[in-house]
Structures are given as C-alpha cells and as structure tokens.
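A.B. asks: Dock chain B against chain A, hints included.
Residues per chain, in single letters:
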Amino acid sequence: MRKDSFTLFLVFPSIILSIILFFPVINLLATTSATQYIEAFLDTEVRLAIFLSLFTATLTTILAVILGVPFAYILARKNFPFKSIVDSLVDLPILIPHTVAGIALLTLFGPRALIGSMLKNFGLIFTGTIYGIVLAQFFVSAPLLIKTTKEVLLKIDERFIKAARTLGASPRNIFLDIELPLSARGILTGAILCWARAISEFGAVIILAYYPYTAPVLIYIRFETWGLSASKSISALLLLVTLSIFILLKCIEKKR
Amino acid sequence: MLEIIGLTKKVPGFSLKNITFSVTNEYFVILGPSGAGKTMLLESIAGLRKIDSGRIILNNRDITNLPPEKRNIGFVFQEYALFPHMKVHENIAYGLKVRGVNREERKRKVAEIAKLLEITNTLDKYPNELSGGEKQRVALARALILNPQALLLDEPLSALDAPLRKELRVELRRIHRQFNIPTIHVTHDQIEAFSLADRIGVMNNGELLEIGTPNEIFNSPKTLFVAKFIGFENIFHGKVVEASNGISKIKVDNQIIYAAGEYKGDVIVALRPENIIIMLNKASTSARNVLEGKILDIIDETHVVRILVNTGITFKVIITKNALYKMGLKPGQRVYIAFKASSVKIF
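Here the protein sequences come in this chain order: A and B. The first sequence maps to residues 1 to 256 in my numbering. The second sequence maps to residues 1 to 347 in my numbering.
Everything labelled a hint here was simulated from the structure, so no lab data went into it. Ideal Cβ placement from N, Cα and C applies to all residues, glycine included. A few of these clues could be false.
Calculated cross-link-like contacts (lysine to any residue; reagent style SDA-like; alpha-carbon spacing at most 25 Å) [said to hold, decoys possible]: (1) A:78 x B:66; (2) A:162 x B:87; (3) A:255 x B:90; (4) B:109 x A:173; (5) B:97 x A:175; (6) A:162 x B:39; (7) A:254 x B:130; (8) B:109 x B:69; (9) B:87 x A:172; (10) A:254 x B:85; (11) B:50 x A:74; (12) A:255 x B:126; (13) B:87 x B:147; (14) A:155 x B:132; (15) A:162 x B:106; (16) B:125 x A:177; (17) B:107 x A:172; (18) B:97 x A:182; (19) B:50 x A:156; (20) A:162 x B:176; (21) A:162 x B:64; (22) A:162 x B:205; (23) A:255 x B:129; (24) A:162 x B:85; (25) A:162 x B:188; (26) A:155 x B:50.
Derived Cβ-Cβ restraints for the label pairs, each shown as a range [to be verified]: (27) A:172 x B:189: 30 to 40 Å; (28) A:85 x B:57: 41 to 51 Å; (29) A:244 x B:124: 34 to 44 Å; (30) A:83 x B:70: 25 to 35 Å.
Example chain B residues on the side facing chain A (calculated, C-beta under 8 Å, incomplete) [stated by the list, open to error]: (31) 68; (32) 73; (33) 77; (34) 98; (35) 142.
So here's chain A without its partners, still in its complex pose:
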C-alpha cells in the first residue's frame, strides 16, 4: 500500500509534466495533415525562411566552434585575473531575456553604435541582414558550446596530458593530438546544442533583423496577420525539419 502511494506520487506529476512538455509537440505534428505540410512546403516564402534559419544556424555554429573552442580551452586550462567573473559572464547570455539581448547587441553593433559604425566601413551591417541574424543567434547559443567544451576538457584525465609532456609533446601537440580528439565528442554535443538553440532563437533575431525572415520570425508574422491555422502548418514543418536534423546529428554523435 505504501509502495503504491509512493508510485502514485512519482507517476502523477510525471503525467502532468508530459502533457505540458511533450504533448504539444506531438499534437502539432500529428494534427497537421500531409496536404498542409505540402502546402507549407510549396510556399516559397516558407521554404526560404526555413532555409535561412538552417543556413544561419549552421554558420553560427561554425563560428561558435572556431571562436568558442579556444576560449573554452583558456577557461579550462589557464589561470588569469578575474577568471571566475569571466566564467560566470559566459552564462549571462543564456539567462537574460532575449529581447534584452537584442537591444544590447543593437546598442553596440547598430549602424550608428560604437562597433557597428566601424564595421559598416567594411560592409558589415547588422541590422536587417544575415550578419545580424548570425550575430543574434551567436550571442544566445555560443555559450552552450563554450560551456560543454570547457566541461569535457576539464574531464580529460590529467595523466594523459602529463604522459604526453614526458614524451616530449609541446602544448600545441597536446592540444591537437590529445585534448582535441578526446573532447571531440563533447564539442560535437556542444555544437548540436548550439545549432538547435540558434535555430530556435526569435527574440534577439527579430530586434536585429526583422527581415530577411528566419522561420521563427515568419511564423510570428503569419500568426499576427493571418492567425493560428495559417502559422500552424509552417510551425509543424519547421519542427519536422529541425527535429529530423537534430535526431540525425544525435545518431552521428552516438556513433562516434
């Protein structure tokens, strides 16, 4: 009897949680008919928006890996003044409201702002451009990659590194031959998280680049102008595409 009530105590909240977390997604996919998927897909604007989202998120992720892995390495391996502050600052973009993130970015990278005005001379304009989309996505998603990478680097057995040193490896050798291969899987996990987060970003993106439409922005616009049923099929399609890619990436990650 006691055991049963305990089971109930565990199961009941889990059912409610599942209804809130999983059911909406499944419901969205399931209640959209094949014709609706096809209709959405045949809509050029929708196709362009989904492609733009996938493209910018991929660009963001590549950029995050290039800039984030060295940064994560420094956080994991080096000591410097105010390290703990820098360490917690990495979390900040994840914590703040994304509209705030957008405003903050605009304040620095806007066409008349400090950095934005300088970069404008090189043709880098962050408002209403792909650059703006990538910047906004990068701001909110790169921290996920940095954190994951830092964690896997810290988890590498110090003895591997010491062993490599006694065998004559330079820090560069150790990074390329030992640390990078041993953390590759973790970096991949981080990249997948980063990519998924970049695709889903709406708040920061819409403030920097209302146009060209990424999929989340287009969905919002269709919802605002034509209502729920018009935005639902696009939502389902975006969900289907990203979910498929996400599962595919996860499979690759598992295989390694």
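C.D. replies: Showing chain B alone in chain A's frame:
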C-alpha cells in the same frame, strides 16, 4: 646516475621537505603510505612540477630548470595513462612522432621494442582491448623507446590483481636489467618494495626518512615510523631501569622487557609479531624474554593467524595455522610468549 639534492616544494597544505638521494643504475623503490608525497616527488623529478629549491642532476647534467621534454626521463603513470584514442603502435611511437622522427624509422623502432617486450601481437589494438599486464608493457615501451636516461614508475602494479602483480614484479626486474638505467619505482606496498628493490627509501609526510637495502630497512629501521610501517606492530612506551653488559632492562607498565643494547631514560620498544613464539609450558628457551599471559583473541589471516596475548600489556603474535592447530590454542587459554632481546628494537 640521478641525483636529487635538497628538493623542496610547497603546495597549500603539503610540502616536500629537503629531499636528497641519488640513484645509480639500480632499482630504487620509494615506499610510503598514500599522501606521503611520492607522486609529487616523481612529477618534480620529471619536470611536471616546478620545484621551489634544490637541484636535480642526471648523468652530470643539471636538469633542474629544464622542461619535461628536455630531461630525457621516462615516466610510467599509475594506471598507465595510455592514450585511449590511439592504437598501441601509435601510443608507443608518440614520443618519436612529436620529435619529428620519420614514419619508416618509427615503424622500425616500434617493432624492435615491441619484440623486446613481447607485445608485437597487440600493436593494432586499442588500449581498452589490452589486459593489465599488456597495458603495463605498452606503457613501458612508450617510455623506453625514447632511450631515457632514467625511468620513473608511479605505482606501476597497483592497477593489477594479486597473481599478476607477482608475475609482473619479475618482469620489471628483467626489463630493468635489460635497460640498466636509474629506475625509481614508487609504491605503498611493502612486499613490492622488498621483492624488487636494490635499495629502498621510506617516505612519509613529504620527508624521505631513511634509505637502505631491503635488509637494512627490514631488520634495523632507524625511525619509529619506518618500524611501524614495515610491520613492527608491538609498540610500547617504557623506561630503562638498568643497562649493563649490552642488555637493557626496560619497564613497560608492570612488565620487564629485555632488549639488546644499552639505553637510558624513556624509550619506545618495538617488536615484530612474527618474532614472538607461543609456548604452552614455560619450557627452556634461549629467548631472554618469557612472559605469561592469556589469549584474548585469535584472528584468521589466511596463511597465518594473529593472536592477541595479554600479559598485562597486549602483544600481537603471528604464528602459522599449523602451529595453531598443533597447540590447540583457544581464546581465554593461558600461555607463555617468548622473544629474543635482539628482536627488540629501541627508539
């Protein structure tokens, strides 16, 4: 020859204190409990840690301030630290590769050392496919392929189970004979130390307490810590009441114990449990010390039994199982214990 002179290293809460010793082309074992600073000492010698003061000399070359890769010292880590993502041959060749040795030469040298260590059939495997013994040999091969001038082994046998450990002790001696370089092997295991070492250094709490041949350390430890650590389990505080003719008469509680040597004042008496014999009667014995007591407890320890005998003070005695059955000893029984004055160590 590897010489360590006045090596000192402080980290928060611990320090290596003024460690000095030298190792010729011998097998030198550093024995000490965990937390003694053994690994830190090895890592300092290898250059993986900067030292605060002192000097490290290898074959007349001062290597104190050289980075690890310039020291030419081989290091075998605890649990071997083989790179899990590289095959055995890549592991072994790694040191050559970072030194820019070409592929042909690497292949030739790997084959050569693999043959020597009898691991040729493992070369295409990954470390996680190897047995404990194979891993050890691969770790040795990886270090030895660079022709180091000294070899450091950090608890090389602790990752293995007992029967294999015994086998690989022999193996380590063989490899040492073959390469004939100063070798420092760090362990907390006395059996390992006594069966492998040409000389032993006993370490505790960041200090190298004594250095000697296994015989010297085993029979005449110079410090109480070493005595306790290598099995002098009967330790009593006493006072010398008389000393003459090379014998001291020592009062421990209300008991008298005779020890070889003339001492005075307060002393600590130490005695190995296996140096005490148990007798049913007060038979004639050449042993100077004969005490009557009662058996408190008999503790089984597979090959032997440990018997606690209270004579007013409690002695730990180790006898064979055979002797136990022959004498039919039981807890509560009254017996005599006897030990030689020369078995008693005084500190």
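A.B. asks: All the hints need checking, so say for each whether the structure fits it.
C.D. replies: Status of the hints after comparison with the structure:
Between residue 78 (chain A) and residue 66 (chain B), the direct Cα distance comes to roughly 21 Å. Compliance with the 25 Å bound is thereby established for this hinted pair. At most 25 Å may separate the alpha-carbon atoms for a hinted pair to count; residue 162 (chain A) and residue 87 (chain B) meet this at roughly 19 Å. A distance of roughly 22 Å separates the Cα atoms of residue 255 (chain A) and residue 90 (chain B); the hinted pair therefore holds under the 25 Å criterion. A hinted pair counts as satisfied when its Cα atoms are at most 25 Å apart, and residue 109 (chain B) with residue 173 (chain A) qualifies at roughly 21 Å.
Under the criterion of a C-alpha separation no larger than 25 Å, the hint pairing residue 97 (chain B) with residue 175 (chain A) is consistent with the structure, at around 15 Å. Among the hinted pairs, residue 162 (chain A) with residue 39 (chain B) is consistent with the structure: their alpha-carbon atoms are about 12 Å apart, no more than 25 Å. A threshold of 25 Å between alpha carbons decides the hint, and for residue 254 (chain A) with residue 130 (chain B) the separation of about 24 Å falls inside it, so the pair holds. Straight-line distance between C-alpha atoms of residue 109 (chain B) and residue 69 (chain B) comes to about 19 Å, which keeps the hinted pair within the 25 Å bound.
Taken as a hint, the residue 87 (chain B) and residue 172 (chain A) pair is honoured in the structure, with Cα atoms around 21 Å apart against an allowance of 25 Å. Proposed proximity of residue 254 (chain A) and residue 85 (chain B) is supported: the alpha carbons are some 16 Å apart, at most 25 Å. With a C-alpha separation of about 21 Å, the suggested pairing of residue 50 (chain B) with residue 74 (chain A) holds against the 25 Å cut-off. Restraint check for residue 255 (chain A) and residue 126 (chain B): satisfied, since their Cα atoms lie roughly 17 Å apart, inside the 25 Å limit.
The straight-line distance between the Cα atoms of residue 87 (chain B) and residue 147 (chain B) is roughly 21 Å, inside the 25 Å bound, and the hint therefore holds. Using a Cα cut-off of 25 Å, the hinted pair residue 155 (chain A) and residue 132 (chain B) holds, with the two alpha carbons roughly 23 Å apart. Note on residue 162 (chain A) and residue 106 (chain B): the hinted pairing holds, with a Cα-Cα distance of about 22 Å set against a maximum of 25 Å. About 18 Å separates the Cα atoms of residue 125 (chain B) and residue 177 (chain A), which keeps this hinted pair within 25 Å; it holds.
As the CA atoms of residue 107 (chain B) and residue 172 (chain A) are separated by approximately 24 Å, the hinted pair is consistent with the 25 Å bound. Taking the CA atoms of residue 97 (chain B) and residue 182 (chain A), the gap is near 18 Å; set against the 25 Å cutoff, the hint holds. About 22 Å separates the Cα atoms of residue 50 (chain B) and residue 156 (chain A), which keeps this hinted pair within 25 Å; it holds. Taking the CA atoms of residue 162 (chain A) and residue 176 (chain B), the gap is near 23 Å; set against the 25 Å cutoff, the hint holds.
Between residue 162 (chain A) and residue 64 (chain B), the direct Cα distance comes to roughly 18 Å. Compliance with the 25 Å bound is thereby established for this hinted pair. For the proposed pair residue 162 (chain A) and residue 205 (chain B), the alpha carbon gap of about 24 Å is at most 25 Å, so the pair holds. Taking the CA atoms of residue 255 (chain A) and residue 129 (chain B), the gap is about 19 Å. The hint holds against a cut of 25 Å. For the hint linking residue 162 (chain A) to residue 85 (chain B), the alpha-carbon distance of about 16 Å falls within 25 Å, and the restraint holds.
The straight-line distance between the Cα atoms of residue 162 (chain A) and residue 188 (chain B) is roughly 22 Å, inside the 25 Å bound, and the hint therefore holds. With a C-alpha separation of about 24 Å, the suggested pairing of residue 155 (chain A) with residue 50 (chain B) holds against the 25 Å cut-off. Checking the proposed 30 to 40 Å range against residue 172 (chain A) and residue 189 (chain B) shows it holds: the Cβ atoms sit about 38 Å from each other. With their beta carbons about 44 Å apart, residue 85 (chain A) and residue 57 (chain B) fall inside the hinted range of 41 to 51 Å.
The hint said 34 to 44 Å for the Cβ distance between residue 244 (chain A) and residue 124 (chain B), and at roughly 38 Å that hint holds. Distance hint check for residue 83 (chain A) and residue 70 (chain B): the Cβ-Cβ separation is about 30 Å, which falls inside the suggested range of 25 to 35 Å. Interface hint at residue 68 (chain B): satisfied, since its Cβ lies 5 Å from the closest Cβ of chain A, which is below the 8 Å cut-off. Given hint, residue 73 (chain B) at the interface with chain A, holds; its Cβ is 7 Å from that chain's nearest Cβ, closer than 8 Å.
Satisfaction of the interface hint for residue 77 (chain B) is found here, the shortest Cβ-Cβ separation to chain A being roughly 5 Å, below the 8 Å cut-off. At a threshold of 8 Å, the smallest CB-CB gap from residue 98 (chain B) to chain A is about 5 Å, leaving the interface hint in force. Taking 8 Å as the C-beta cut-off, the interface hint given for residue 142 (chain B) holds, the closest approach to chain A being about 7 Å.
Hint check: no violations occur; every hint is consistent with the structure.
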